[in-house]
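Heads up: the protein sequence lines correspond to chains A and B, in order. Under my numbering, residues 1 to 405 are what the first sequence spells out, in order. Under my numbering, residues 406 to 875 are what the second sequence spells out, in order.
Where hints are given, some of them may not hold.
What the hints assert, rightly or not - To give an idea of the interface, some chain A residues facing chain B are shown, with a C-beta separation under 8 Å as derived from the structure: (1) Asn193; (2) Tyr206; (3) Ala326.
Everything labelled a hint here was simulated from the structure, so no lab data went into it. Glycine included, each C-beta is placed from N, C-alpha and C at the ideal position.
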Amino acid sequence: MSWDPSRRVFIREAGLAAVGIGLAPSSLMVRSARAAGAGERVLVKVFLRGGADGLNLCAPYADSEYYNLRGAIALPRPGSAGGVINLDGYFGMHPEFSPLLPFFDDGRLAFVHAVGNPQVTRSHFDAQDFMESGTPGDKGTATGWLDRAIARIPGSQVTQAVSFSSQLPRSFLGPEPVLVAQTLAAFDLRARNWRAEAETLLRVMYEADRTAVGATGRETFEAVNALLSAPASPPANGAVYPNASVGSSLRQAAQLIKAGLGTRAIFVNVSGGFDTHSNQLQNNSNDYRPLGQALAAFATDLGGLLDTVALLVTTEFGRTAAVNGAAGTDHGTGYCMMVLGGRVRGGRVLGRWPGLSRSLLYQERDLAATVDWRDVFQELARAQLGIAESLFPGYTPGPGVGVTT
Amino acid sequence: MPAPDPLGPRVALHLLSRAGYGPRPGEIARVLDHGLTKWIEEQLDPQPDSELSSRLSRFTTLDYTTARILALTNADPRATGVVLDELASAKVIRAVHGRNQLQELLTDFWFNHFNVFVNDGFDRYAITAYERDAIRPHVLGRFRDLLGAASLHPAMLYYLDNYLNTLPRRVGGRVVGGINENQGRELLELHTVGVDAGYAQGDVVEASRVLTGHGIDNLTTSGGYLFRSGSHDTGAKQVFGLSLPSGGGAEEVEKLFDHLAIHPATARFLSKKLAQRFVSDDPPEALVARVADVFLRSGGDLAQVVRGLFGSADFWAEAFVTRKPKTPFEYVVSALRAAGAEVANPAAIRRALADMGQPLYACNPPTGYSNRGADWLNPSSQLARMNFALDLASGAMTGVTANARSLVRDAGGNPDDPRSAAETINRQVFGGTLRAETLSAAARVASTGSVPVAARVGGLLLASPDMQVR
Numbered sequence: 001m002s003w004d005p006s007r008r009v010f011i012r013e014a015g016l017a018a019v020g021i022g023l024a025p026s027s028l029m030v031r032s033a034r035a036a037g038a039g040e041r042v043l044v045k046v047f048l049r050g051g052a053d054g055l056n057l058c059a060p061y062a063d064s065e066y067y068n069l070r071g072a073i074a075l076p077r078p079g080s081a082g083g084v085i086n087l088d089g090y091f092g093m094h095p096e097f098s099p100l101l102p103f104f105d106d107g108r109l110a111f112v113h114a115v116g117n118p119q120v121t122r123s124h125f126d127a128q129d130f131m132e133s134g135t136p137g138d139k140g141t142a143t144g145w146l147d148r149a150i151a152r153i154p155g156s157q158v159t160q161a162v163s164f165s166s167q168l169p170r171s172f173l174g175p176e177p178v179l180v181a182q183t184l185a186a187f188d189l190r191a192r193n194w195r196a197e198a199e200t201l202l203r204v205m206y207e208a209d210r211t212a213v214g215a216t217g218r219e220t221f222e223a224v225n226a227l228l229s230a231p232a233s234p235p236a237n238g239a240v241y242p243n244a245s246v247g248s249s250l251r252q253a254a255q256l257i258k259a260g261l262g263t264r265a266i267f268v269n270v271s272g273g274f275d276t277h278s279n280q281l282q283n284n285s286n287d288y289r290p291l292g293q294a295l296a297a298f299a300t301d302l303g304g305l306l307d308t309v310a311l312l313v314t315t316e317f318g319r320t321a322a323v324n325g326a327a328g329t330d331h332g333t334g335y336c337m338m339v340l341g342g343r344v345r346g347g348r349v350l351g352r353w354p355g356l357s358r359s360l361l362y363q364e365r366d367l368a369a370t371v372d373w374r375d376v377f378q379e380l381a382r383a384q385l386g387i388a389e390s391l392f393p394g395y396t397p398g399p400g401v402g403v404t405t
Numbered sequence: 406m407p408a409p410d411p412l413g414p415r416v417a418l419h420l421l422s423r424a425g426y427g428p429r430p431g432e433i434a435r436v437l438d439h440g441l442t443k444w445i446e447e448q449l450d451p452q453p454d455s456e457l458s459s460r461l462s463r464f465t466t467l468d469y470t471t472a473r474i475l476a477l478t479n480a481d482p483r484a485t486g487v488v489l490d491e492l493a494s495a496k497v498i499r500a501v502h503g504r505n506q507l508q509e510l511l512t513d514f515w516f517n518h519f520n521v522f523v524n525d526g527f528d529r530y531a532i533t534a535y536e537r538d539a540i541r542p543h544v545l546g547r548f549r550d551l552l553g554a555a556s557l558h559p560a561m562l563y564y565l566d567n568y569l570n571t572l573p574r575r576v577g578g579r580v581v582g583g584i585n586e587n588q589g590r591e592l593l594e595l596h597t598v599g600v601d602a603g604y605a606q607g608d609v610v611e612a613s614r615v616l617t618g619h620g621i622d623n624l625t626t627s628g629g630y631l632f633r634s635g636s637h638d639t640g641a642k643q644v645f646g647l648s649l650p651s652g653g654g655a656e657e658v659e660k661l662f663d664h665l666a667i668h669p670a671t672a673r674f675l676s677k678k679l680a681q682r683f684v685s686d687d688p689p690e691a692l693v694a695r696v697a698d699v700f701l702r703s704g705g706d707l708a709q710v711v712r713g714l715f716g717s718a719d720f721w722a723e724a725f726v727t728r729k730p731k732t733p734f735e736y737v738v739s740a741l742r743a744a745g746a747e748v749a750n751p752a753a754i755r756r757a758l759a760d761m762g763q764p765l766y767a768c769n770p771p772t773g774y775s776n777r778g779a780d781w782l783n784p785s786s787q788l789a790r791m792n793f794a795l796d797l798a799s800g801a802m803t804g805v806t807a808n809a810r811s812l813v814r815d816a817g818g819n820p821d822d823p824r825s826a827a828e829t830i831n832r833q834v835f836g837g838t839l840r841a842e843t844l845s846a847a848a849r850v851a852s853t854g855s856v857p858v859a860a861r862v863g864g865l866l867l868a869s870p871d872m873q874v875r
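Chain A on its own, in the form it takes in the complex (with noise of 0.2 Å):
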């Protein structure tokens, strides 16, 4: 790795003094950061891993090559027993995704279709890479692009980025500092009758560690004084998570935003059966469900707080256009995203339509990407970050689509 891991750990003089006298760092600094969190914009990346198809995700029911290329995995017209749900007259989205109508229809949630990147792979694992490093057919990029979003944005905590997922995604790769976590219940050292010890002697050890594994040691450390003094808050308004992981990590992520602990980037990992080269209606209603119903909940928990907020869905690859030999679709190209927050300019379906028209296909097989992915990623970091230099080395990113005001 060439990025100088004792540069990813910074410990504040509070913490070190500290270690000395056998405490937790004090909840003063604790509440420092709270302050100066307080209200900040906050991006929010949803990554589905295995290539979800955006075809179906967000289905164009008006193009009539969808139901020629589609045969028995099309969705029904709108109306229909199981019919997607109209957006503009001419796509749907998946019935699935019911919870979300309202936050389509006030203007929250925003579609954009036909998204990709002109370095086409369909290696799931290079796509991803690629997208994560921000940096298309150069594996080489030793950071990611949101570790080189938080490096370009004032303050340090461990809480400033977070991952809901069970190891550190390629986009927070690099220097800065990340929380990385499955769920931050009870997360605490269990050494009960001693843990003041446990904790003072440990800390001494992780610091005397200068390599990558010291430097985790004492984020952990960071983390775990800096969540215990974080106020529990069940879900607002009504909002009902759903019993998946998407719905657990959306649940904890509205509690990171609500408590203000300066948390600026939320990278929410979620793998389910999106890699949909068989039976994919099954597939698709088994994650779409949760998806919709915690992506529904996210936003009606965080009430006023959405506007400080920008959600982006997003996977690596779209499917081919036309259904496989086994009610599936393989390893395509353009994908559609979905982004809610309360700035979002929602209630529109964005992007260029390429069309589905055998010609117009790329290479005769795949949705077209009209729309490039770091663009998009771009615009959100611009808005929500408030980062106007590129993020992605060897590349200047247009303006974007327009999904932020």
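With the hints as your guide, set chain B onto chain A.
Same frame as chain A, but now just chain B:
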């Protein structure tokens, strides 16, 4: 073996932590007495382990065929839980208690290379047979055999949808079936030549055509492999330098495996992955080239390849000693071994692995879990590791017996004296390699308290940064 001279506890610890899951108490001294080279040769030629067999004898479903597991499940769906419980429990017990450490580690490595996902429908019933029949027998054999066994096992054919990959047919004006590219792509990208080998989308399609017809007999009764010649595409094919004339059948896939298994790109791809496992997250280019050369010269003999790795100067190089962060599984097993733990019921261990981000057999994407230690470093996983260590050493882990007091006492230390306890554990399981700061911090625990001194010292040392690397 060019092991460094002089041989000492540090070198023995390195070997035990790289070619196995780390030392049990006192094992460093025993291996030094026994001879490192001899230990390696024994690991490369695993013999029956009767003690392990008796520990596993209560897990009766480990020997069952997929058909038998399906029959049990059809009679009572609750049977599946027992089957999967036994599979995961056996994996932990083999790693913690087994003598053939290298074989266990390689079984884990190659299963992960040919990953399948336990929660994927039919694979719940086939995964026991998959690991036992397709992976384990071949990990010190030829890669070609491993490739063939894993690729055509029903668990893989299901996981990568190849059982649905068929020649499209026209039935009364409707097209039925068709190519499914999933396994054809991963065969090239993940299982053999690797994504950077230079193949094109056309090669993926052609490989998928070769794979048409290779499927599963019946998903709810036999669960066996079946080739359906009527579903096979008999046209001529060109896959990444291999030409197959028209009229071929089931044998085509064997020719493709022959072609890919000893391809130079495969040798490179696999050698880099093995060097990452055994030497460094970022292995030296020269090492990868040398191992790839052994791979090609031996026709993909995996025992020769591993022997070549252990025989390389880089394997023993100071620059790579205690530098590689452990995966959650490596950490948990090494901590259990270091604590001299007896594992009766691994349920708590399996929960902890899930908390650390590495639930057993449950990696959803076909990449398998990351082979790079650095990818596993994050605060949530780190906290779970510390808590695992503290629970383990204080005897608070259900189903696991570990006694830090007797570990220290049996080795001649004083379990009530913090410094004596810390120094004894350092000698017994760290080969005396602990950082001075780690050792002195552990020796600073209060000599009184409701949790015994040896349990606190042991917990801190197992939770220490020194324990996170190998």
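Q: Identify whether the interface hint at alanine 326 of chain A stands, where standing means a beta carbon of chain B within less than 8 Å of its own.
A: The hint holds - alanine 326 of chain A has a Cβ within 8 Å of chain B, the shortest such distance being about 4 Å.
(Q) Is the interface hint satisfied for tyrosine 206 of chain A? The criterion is a beta-carbon contact with chain B at less than 8 Å. (A) 5 Å, holds
Q: Grab the minimum C-beta distance from asparagine 193 of chain A to chain B and call the hint holds if it beats 8 Å, violated otherwise.
A: 5 Å, holds
Figure legend: structure checked against the earlier numbered hints; every hint is met.
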